[in-house]
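Residue numbers (numbering that gives the first Met the number 0), protein chains in the order written: chain H, 0 to 314; chain W, 0 to 287.
Since the hints were derived computationally from the structure, they do not count as laboratory data.
Note that the Cβ used here is the ideal one computed from N, Cα and C, for glycine as well.
A few of these clues could be false.
As the list claims (entries may be wrong) - Okay, derived cross-link-like pairs now, SDA-like style, lysine to any residue, Cα gap no bigger than 20 Å in a straight line:
id : chain 1 : residue 1 : chain 2 : residue 2
1  : W       : Lys143    : H       : Gln208
2  : H       : Lys206    : W       : Thr140
3  : W       : Lys104    : W       : Glu34
4  : W       : Lys121    : W       : Ser67
5  : H       : Lys121    : W       : Pro86
What the hints assert, rightly or not - Beyond 10 Å from chain W on every Cβ pair, some chain H residues (computed):
id : residue
6  : Val37
7  : Pro125
8  : Val252
9  : Leu290
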Amino acid sequence: MSTSTSNAGSAAGSALRRGRRRPVDSTVKVLLVAAALVSVATTIGIVIALVQPTIGFFQQVSVVEFITGTSWTPTFAQKAYGVLPLVAATLTVTGVALTIAVPLGLGSAIYLSEYANPRTRKVLKPIIELLAGVPTVVYGFVALFALNPLLQKWWPTDDGPAFQNLLIAGIAMGIMIVPTIASISEDSMAAVPRSLREGAYALASTKMQVSTRVVVPAAMSGIVAAVVLGISRAVGETMIVTIAGGLTSDRIVLNPLEGAATMTAFIANISSGDIPVGSLDYDSVFAVGALLFLITFALNAVSIRMVRRFREVYE
Amino acid sequence: MNPTDTTNRPSVSIAGVGAQPTGTSKPDAADPVMELSGVSVFYGAYEAVRDTSMPIQEKQITAMIGPSGCGKSTILRSLNRMNDLIPGARVSGAVTYHGQDLYAKDVDPIEVRRRIGMVFQKPNPFPKSIYDNVAYGPRVTGMKVSSMDDLVEKALRDAALWDEVKDKLKTSGLALSGGQQQRLCIARTIAVRPEIILMDEPCSALDPIATAKIEDLMSELSNDYTIVIVTHNMQQAARVSHYTAFFTAEVDERQERHGRLVEFSQTGKLFTNPADKRTEDYITGRFG
Chain H
0 MSTSTSNAGS AAGSALRRGR RRPVDSTVKV LLVAAALVSV ATTIGIVIAL VQPTIGFFQQ
60 VSVVEFITGT SWTPTFAQKA YGVLPLVAAT LTVTGVALTI AVPLGLGSAI YLSEYANPRT
120 RKVLKPIIEL LAGVPTVVYG FVALFALNPL LQKWWPTDDG PAFQNLLIAG IAMGIMIVPT
180 IASISEDSMA AVPRSLREGA YALASTKMQV STRVVVPAAM SGIVAAVVLG ISRAVGETMI
240 VTIAGGLTSD RIVLNPLEGA ATMTAFIANI SSGDIPVGSL DYDSVFAVGA LLFLITFALN
300 AVSIRMVRRF REVYE
Chain W
0 MNPTDTTNRP SVSIAGVGAQ PTGTSKPDAA DPVMELSGVS VFYGAYEAVR DTSMPIQEKQ
60 ITAMIGPSGC GKSTILRSLN RMNDLIPGAR VSGAVTYHGQ DLYAKDVDPI EVRRRIGMVF
120 QKPNPFPKSI YDNVAYGPRV TGMKVSSMDD LVEKALRDAA LWDEVKDKLK TSGLALSGGQ
180 QQRLCIARTI AVRPEIILMD EPCSALDPIA TAKIEDLMSE LSNDYTIVIV THNMQQAARV
240 SHYTAFFTAE VDERQERHGR LVEFSQTGKL FTNPADKRTE DYITGRFG
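Start from the sequences, fold in the hints, and give me the full structure.
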């Protein structure tokens, strides 16, 4: 009797041991690790690819000239390699874009999260997100051939916007990043617990006060992240500025009614031209690319900081 | 503080009840500050609570007790129009405040909530500093205050929290313990000087010590405020309240549950000599 039970016991115990392997399981794991490694490897690859030509560039052009020079004319007979005009144009376009996108994006987010009834929101949110799926080349052409003529027609004075200009590129870019800001901000507002809203309403708040004084501050980390992501997209955006932003880069352009080349527009333009590999012009593309990479990297770092700083834990 | 009210108040202790011979549902006292007549609350087509009529007496604590799903919280929320925030919620019958129907067309729910504040089951301080939590109400309602610092201090003192937080007014309200958070929410509510404070199971998320503190605070506050409290805890109702309303859930012929007021009476009477068999079963623990 006792032996039979112990036999049954050991049989049950041995059933726990690793009998057969599960080959599918380990294969899947390898595939998944490989998938994750591809993006890591790509990032490292980009950095390596940027480094060599960038070093080559700075062997011929001093870093000081690069970051303080006020003229960028690698394709002119009189060559100059001061990156400031490109940076200034990028900042101007980004500034215009944010002026448009932050109020519109936050406004839509507040409307969707606090004012719209659930049915309206269900219809509207996907439509707003659809805007993010419009190819940027479409935005560029709409800006250049639809918006700008209108702007020129309605401009009150004679010195209106040029054919290509930073204002119109910025406006188009602003509309392009509205969905990014609206959607992420709305997500983070929707995550604010209902109990906070109720507490605010019970203290005789109006809907506007609940939205602006309780929900928006409580969702601030998400909103900041949304805006920084919007800035990253604006800084890296290429098509709109290439089509509608203009190409001037021999001087710093601060008037948004004039056209000027951003960092990305310069890269796109020169890369589509015929430049010999290893030439200074070729290397200059990579130097600007490296700078762009650094700026985006810094923005991401700032955004992580800001998100941590503004994070308000609810519970 | 108003000493005359303290003397008029019916005794809280169960032993003192015999000395207060009053009707079962219409206790003495002057005009009630609020009155519910035939109030039903609907969520869409579903009638959550049926035909509730009861008074809320000034500067007294009125408790609403009953099993889960009996509609006591629903009724509480109808007293300051918090139900407005729930899509599809609707109130029939009359809820009057100093004779004014709160659901009349020209009544502004914001004004209602300025006079009738609410403390919730789970402490819900804003993710702001302790100071800003208390100052929130006065700021949004545009209260004219000579010194916000004094007002914040007074509200925190009245909520018996001042001594614990006076050195850290700038820290987040969320850094406090649960019981302190709930007292902060009470301070925040009294900072706008409402006339009535509604409390929806204010101690159910708290430990016994924090609960005792809140109960003491309620008794203290009832010198100046009318308080309506919903509680699961019968002992709590017996300890703190002057009047008690017992609700229960009824199942109708279509198997739908509806909350219903069974009995309203002075607390001592309801607990020692209930008029209704269902009340007796509930308070003696035979049900619920």
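Against the structure, the hints come out as follows:
1. About 18 Å separates the Cα atoms of Lys143/W and Gln208/H, which keeps this hinted pair within 20 Å; it holds.
2. Between Lys206/H and Thr140/W, the direct Cα distance comes to roughly 12 Å. Compliance with the 20 Å bound is thereby established for this hinted pair.
3. For the hint pairing Lys104/W with Glu34/W, the CA-to-CA distance comes to about 18 Å; that is within 20 Å, so the pair holds.
4. Restraint check for Lys121/W and Ser67/W: the C-alpha separation of about 17 Å stays at or below 20 Å, so the hint holds.
5. Between Lys121/H and Pro86/W the CA atoms are separated by roughly 16 Å; this keeps the pair inside 20 Å, and the hint holds.
6. Listed as a non-interface residue, Val37/H keeps its Cβ farther than 10 Å from every Cβ of chain W; the least gap is roughly 39 Å.
7. Interface exclusion of Pro125/H from chain W stands, the closest Cβ pair being 21 Å apart, more than 10 Å.
8. Val252/H, annotated as away from the interface, keeps every beta carbon of chain W farther than 10 Å; the closest lies near 43 Å.
9. With a closest Cβ-Cβ approach of about 38 Å to chain W, Leu290/H is found to remain outside the 10 Å limit, as its non-interface label requires.
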